[in-house]
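Chains as they are written, first to last, in my numbering: chain V, 5 to 550; chain A, 8 to 307.
I should point out that these hints are in silico values taken from the structure, not numbers from a laboratory. Some clues are possibly wrong.
As the list claims (entries may be wrong) - Straight-line Cα separation of at most 30 Å, DSS-like style, residue types lysine-lysine; simulated pairs: (1) K246/A with K162/V; (2) K76/A with K423/V; (3) K28/A with K167/V; (4) K246/A with K167/V.
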Amino acid sequence: MINGKDLKPRDISTIGGQLTKIELMPLPAPFDKPGMAPELKEAKPEWAEKYCAELDGIIAIDTFETPKTKEEQDALVQKFLRGVEKMLSEETNKGIIQALNLSMEYCAKCNTCSEACHIFQATNHNELYRPTYRAEVLRMIVKKYFDKNGKLIPGGKKGVMVKFIGGDIDLNWETVARLGELSYRCNLCRRCAQVCPLALDNSYFAKEVRKIFSQEMGLAPKPLHDKGSQLQLKTGSSTGVTKAAFLDTIEFLDDDCEDLMGTRYVTPIDKEGADILLIHNAGEFMAWPENPTAFNILFNEAGLDWTLSSDLMGYDNVNYGIWYDDLQAKKVAIAQNEAAKKLGVKRIVIAECGHAHKAAAVVADRFYPGSDRVPVQSFLPLLRDLIMAGKFDLDPSRNDFPVVLHDPCNVVRQMGIVKPQRDILKAVMKDSKYYEMKDHGVNNYCCGGGSGFAIMSAMNFASYRDNVASRMKLKQILEAWGEDVVLSEGPKYICAPCSNCKGAMREIIHNYGLSRYNIHYGGLVELVVNAMTKFDTPYMEFLRDE
Amino acid sequence: MFLTIFCWVALICFFGASFYKAYKFAKMPMHGRQDLYPIPLETNERMHYGGSYYEDDKWYEKPRHHNLKGEIIDMLAEMLFIKKLFIHQNSLWWISYALHLGIYAALGWTVLLFIGAFVGPASVFGSIIYLLTIVAGIMAGVLMTVGAIGLILKRLIKPEFKNYTTPQEYFNLFFLLCVSASGLLVWLGDKSFEYGRNITRAMLGIKSFAESYPEGMPIILIVHILLLGAVMIYIPFTKMSHYVGKYFTFHKVIWDNEPNLPGSKIESEIIKQSKDPKPSNQWSAPHYQPQPASEEAVQK
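Just chain A, same shape as in the assembly:
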């Protein structure tokens, strides 16, 4: 029962804390523009060489073009393939991508396990799910293990990485390695990942752990479940939650070139923010100190 509750707590914590983090970033005040080109929201032609609406004379009179397709493609390329790392630091990409692909496979594996909890391998659909679960599970275990070991070694050996890596960052990688390695050890005695389905069956109340393992759960499985749950609770509180940050850094920071035109949403937000009270902890330099009334409006 403890493990079942723990699995639910881990899952809820992971999603809950991730969404809370996203909420915290989202409610921060609108920042000054940080456009950095190329921006995929621009027209197809311009997004390729980095052009923008500023290339038009009287740009403010022209209709704005929002290339949603371009943005989605670029965002997916970055999220799914870490495109910039592939282009600009290919040697690191192979290791980093192994780890990330392993994590994506683990997420897919989890979804498949929930489906597999309901569907047996007898039907065609069920057998496809069954096979995919095995493929995803093996990919997750192997790629995460290889990626985590690779990144730990790279950080230990290469001075330019070592000098900037904190103990916590080694710990994060080691934690992920423990999860994937323990998963592989469980898999060695359970090639079809039945244990995974047993976890989701227990979580969904279909069949408890006690029913699935009448002779007791293997210790390594208990360790793996505890590690997996713990890492899910831990991730949102660390920089490993960059899956949240990445949306904001791209979409809300360097790709946000929405101009402040009369009547626009941006203008409304500026008007709203201009009504905020003056900061209670204002800067202390002489030129920030109280000035003649005419200059006060500027300070705000």
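Chain V on its own, in the form it takes in the complex:
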């Protein structure tokens, strides 16, 4: 095993064994004392025997059984190389080729990106997680095995020149397997690209390797593919919830809301020609039903002409394809648009789900002609305008507890929606209770759940997510409040207006035992409903318990 500080890109080809071990960044109080923070879980021997634990002992791709025979190993390498050839093809990979080629060609290796990466920092600057590491490995492979037109050279280039230009790598099955795993150590948050003096994007390399694995080799983590986009295309939702179950759930939520708040708000479903089709992350209905219920209350109180859809693909805004597979992303986006067109709505409003914001509004934007698209927008400016127009009677003193806002990467850095959520919070709570993280807005750090990590928990991957990927976010939260607030008795609230981010927050709270500090998490609309003077009962469960 190589010390993380000494690791070089070509070491990824090391034959056999685990390449390196993760060391963790120290955390602020109260986790600065020994034994306070949990440790990473090592892979069980039976897992390591079957899957690829050769990178850092973590296993992300639960469909990838490592090759055992020489023939299988050679076949894996050849399949990967054919995938790289397609990645480099202007014809096959046209949706990214210009941007990818620029990042492939021009990196000056100035390492400005490294300090921007929460994973690199969380691992105490282990070279494996430097944003340029996987990019450089892929660059080396391209330089050695492909000509300048991106055509595969069987056996690769030989001689001094290939070493001179930086193609000094031996491609073996370990390289391919480790690179595949390494592509799932990056949250694709693009914070590294934001600081690059050449505007290059290392996340492309992680995503392109994921694409090669999925699109060429048929290998993707089950929660993303088999139980994610494939299930969604089949049943209408990645949760597996069918139309009938969805309708039952909505009825149950409306009943529950009436029991709790004393007013019945009927969720409109399949209302043809409505102004707004609101699409939630269907996970909300199962895990955080208070969130879609809050939307129901707010939209009905504001008198909006809106509806949910019960059509296949119309009630789940997730699109996992954007993290690993172009075809899946396109299929899901087109189907969601078709559901909206079928209802004849004027616009799609995306509820609290960050990646769905980006997938529907930005990624899908160039999938098909604009004339065929139902306009897509975020709920944030709509809700901000409703509040500013005085549609709700709000009492900011009702949210009388410290709130720290987490910015979902897809909403801020990748869509430029920064101010509306802050305007909303200013209207529903006192300034003195509102906390910003040190790096916020477009400079935020990922929650650690980005790019699918929030739903990936096979073997020991959850341990990587919670202890490494989410580590910077925990540090930010603790530092934003400070030790005094963290240790104070009253409730504290992490406001995360995104389903995946909430998933990550849930695991952070669970993993680090933050409940003992009375720390809670949830969305943004819940705070708005909680501030409404119309209701006597607090909206959030943790306030009712008090």
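Chain V is already provided as a structure; the job is to place chain A on it using the hints.
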């Protein structure tokens, strides 16, 4: 005569290959959106905190604001001062900027030399050009030399740079160092950069090298001209041509948030691209394989 032709070949190669490179990037298919905020094309207020038109309700009904001034200012700040490096890695900026400023000074020096080939130092304008040429030339030589040495040392000493630097990348810096160092050596014997004017006079056919140097050209000058020409031919074929790439990475990739609205140029391009034939080398995973006719349209 050889040197005169070589100088023209170098100049033509530099600009020709650079433009060809730009053309190759420009004709690549339109990619999916890669917006990364802040984007300076947005309004003045929004560009500062990273906001976008998505902060408006019914954004698609609102007029699009293109802050051309904001984009030009940000682009110039990046091109002329390497703003992001200054902000995010200040310690490296001093060395890197020395090299880049030296290159900018060398470009300015070249332009001044062409003007100086026609204008003698006798007039006021001519004397200003004459003085500026000297200042630019010294800046170019000193800053490029300091920057190149600094970057070579940094890459040799610091493991986080060393482990990622290829032999070619050392060579590139060394090549630039040879050009600037040889230029400084020539300058030691020609403090007014008359040699530079002699090059441009020879290139413009005003006065040949043989006429300017009846007793023969100094060897170091010949070496410098050969190195300078060679590096100009070499640069467009390497990552040192990032002056081309940078336009695309910013303007055409991370700042391109132009939406696909009905009737827009983006929509026309999408319609055009949708008529492209299916890729001959399609991905091989099972879910990419031929499917029922109803799903075929999606695949394309």
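Hints, one by one, checked against the model:
no. : hint               : result
1   : K246/A with K162/V : 22 Å, holds
2   : K76/A with K423/V  : 23 Å, holds
3   : K28/A with K167/V  : 24 Å, holds
4   : K246/A with K167/V : 16 Å, holds
Checked against the numbered hints given earlier, the structure satisfies every one of them.
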